[in-house]
Amino acid sequence: MDFAFTKEQEMFKKEIIRFAKKEIVPRVQEFDLNKAFDFESFRKLGDFGILGLHFPESYGGGGADVTTTVMAGEALGEAGVDGGLTLAYGAHSFLCADTIFKHGTEAQRKKYIPKLCSGEWIGCMGLTEPDAGSDVASMKTTAEKKGDKYVLNGSKIFITNAPIANVSVVYAKTDPDAKHMGISAFLVEKDTPGYTCGEPLIKMGVRTSQTSEQFFSNCEIPAENLLGNEGEGFNMSLQTVEWDRSALLAPFVGVSTYMLKRCTEYAKKRVQFGRSIGEFQATKRKLANIRIFGEAARSLIYRIAWCKDQGRPLNHLEAAVAKLFVGDWSVGPANDAMLVHGGYGYCHEYDMERIFRDSRLAPIGGGTSDIQKMIISKLM
Amino acid sequence: MNYDYSKKEFELFIELYQTVSAYSAEHPMDSGGDECRKNIQAAMKQLGQTPYLKLAIADIDGFYGTTTLMGAMEAVAAVSPSLYLSAEYSVRVLGRAIARWGNETLKKTFLDPLLSGESLGALALCEETVNVDNDPLATIGERRDGGVVLNGRKQFVVNAPVASVVGVVGLLDDKPALFLVETGAPGMTIDDTPGDALGYKGVAISGLHLRNCVVQEDRVIQCGPKENMTAILRLYENQVLMGASIGLAKASFEAARDYAKNHRTGGKPIIAYQEIGFKLSEMLTLYQASQLLAIRAAWTFENKPKEAGDLSLCAKVFCAESASQVAGEAMKILGSSAYFGANPVERAYCCARYGEVFGTSTELSRVKIGDAALGVKA
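One line per chain: the protein sequences are S and G, in this order.
Each step along the first sequence adds one to the number in this note's numbering, with nothing skipped, and position 338 is 339.
Each step along the second sequence adds one to the number in this note's numbering, with nothing skipped, and position 8 is 11.
Mixed in with the good hints there might be a few duds.
Calculated cross-link-like contacts (lysine to aspartate or glutamate; reagent style DMTMM-like; alpha-carbon spacing at most 20 Å) [what the hints assert, rightly or not]:
no., chain 1, residue 1, chain 2, residue 2
1, G, K307, S, D3
2, G, K48, G, D115
3, S, K262, G, E310
Since the hints were made in silico from the structure, they are not lab data.
Construct the entire structure; sequences and hints are all you get.
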């Protein structure tokens, strides 16, 4: 076994942290307060090469391996980038762009990937429906082929980036009777007639990401916007799970390092009863809890990344274990970090309040903790 | 980066698991009493035929020190926690101390018999305040007539009643020292084993008294000025308890999983009920997370020693608490089957608490981890 990162990876991580602290973090609190998407920061992520990090250079990407890509996500969290922006990045780069890259034609790749890598375009993925969350097979959105077009009807909900996306990977049933194998994936560009998005949902956390419904009402798209073949959509959606369980979780691990740093800074400065609160064992206990969580989660996530780099098929049990751990065990440390800051931790002035809200998504997004437990209990 | 053990390492883990399983099936080692102690001593000789006792002490081709050791520890601890604890305190705590700081004569005299399993060793570190980190050692050696006279009191010494040599940690010239005292040495008396322990029932644990116990000077070991002997010994002990914890978590989880697949109620196996299936999922998550963290901490000890101290404490706390939690949940899944009669879950439930209390306790570990985050020097 070997848990070492290369020197290049470690230097790259430091560089991302430096970049993010300078270019992104100063605006995080303001955008969170205004529930606004930070287009400038997103574009800077593209300019820095993060949005397209794992795509080949010939498509405008960085050609990085999965481990390095996961490390970039951890670095963003460690720098203090908010969960909204990292979620937007994840939905854009992994759920949308990666699906296009993996399953698209060369023409589709050339059309979309460079723009998505640079951040010129924003992508999203429409899978969840009001009555079809984890139970994907019961989705009701349909795509009917008429000549050289598909006609989409239905709606999606909780779609990250939907209100701001230029292109959406949309899953719809081409064969409504075929359950999973009747699902296909399509590319739908914004301004396509018949396609509209709802107002951004007001969320508890990850507020800078824009999340809304998508509506398809006799939405006609060219037949060449089909991704792969009819009936392959379900398997495509499953393949995004590898990213869900590694790169999308990585910012939560990075945030634990950030929380620890902020908490120690605060605990050293804050004086009560004539001494800094860091001198009290109750405070040290909370700092320890944050560190312990981060260390345990880190190993699980990089294991998924490393396996993907080895070209191994996803071990769904290990992936669900990583997701369940980060989802359910990250809430406690975020709570501890808020408590270390006391009343200030409860106020927006300090970002522990935001981080606590952001952390609540971990057991819900990308497959709830209960779904992970279902997967694990079936596979064990 | 590489998250896999090699084929050779896996083969060793399987060999150990099977060897100890086969032996313990015929020779109980975890139920307590003199018979268990004898069985453990005999099992040590069998382990001495494998590479196990030498891991992280001697270089063995194809094995990678503490990293390989952690996987081997898990395999042995899962089958017989008492054999594991006896073996580990003998070789991995005392043995490693002799290997690290002892001269060739001491290694030949004391280390070789430990590594072959011919004899057991003990390390006497704990004193009345239990925690030597907060209070200075009260066991003191004084130079007298070309020897050292040792006085002090130790408690909770694993293997003390059955060891052929005890490494007593005390102060000599105001510096930490390890005094190697052979069983039967005048001035050293071994206490009666205190009443029934909660777990590790097969292990002989007791206190000892040193009253003007004379130790030859050439059997006193001290480390260099840049090393902290007690901290290193604690780290060795914490590694042992990490290994125990992941072994106990493995045993509890696997017993509960197998039971849940086979025990039927309401016409279906109980694993089919979400309350059970979800509980098992959480247990597996804790087991896998602690296993990986323990291995990473072990790897860090070998490869980035400066980072190993804090990370090992994190791993020790997480593994020990996870083992207790997993064993507790396993107990609920097995229900009365676990509560009555000796079985792996009841055993793990009782043994897991040891990991939280001994070594650097989870409470003190958290304080130290917090101190490290705050930049407070130990």
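Now the hints, each set against the structure:
1. K307/G x D3/S: holds (12 Å)
2. K48/G x D115/G: holds (12 Å)
3. K262/S x E310/G: With Cα atoms ~17 Å apart, K262/S and E310/G stay inside 20 Å; holds.
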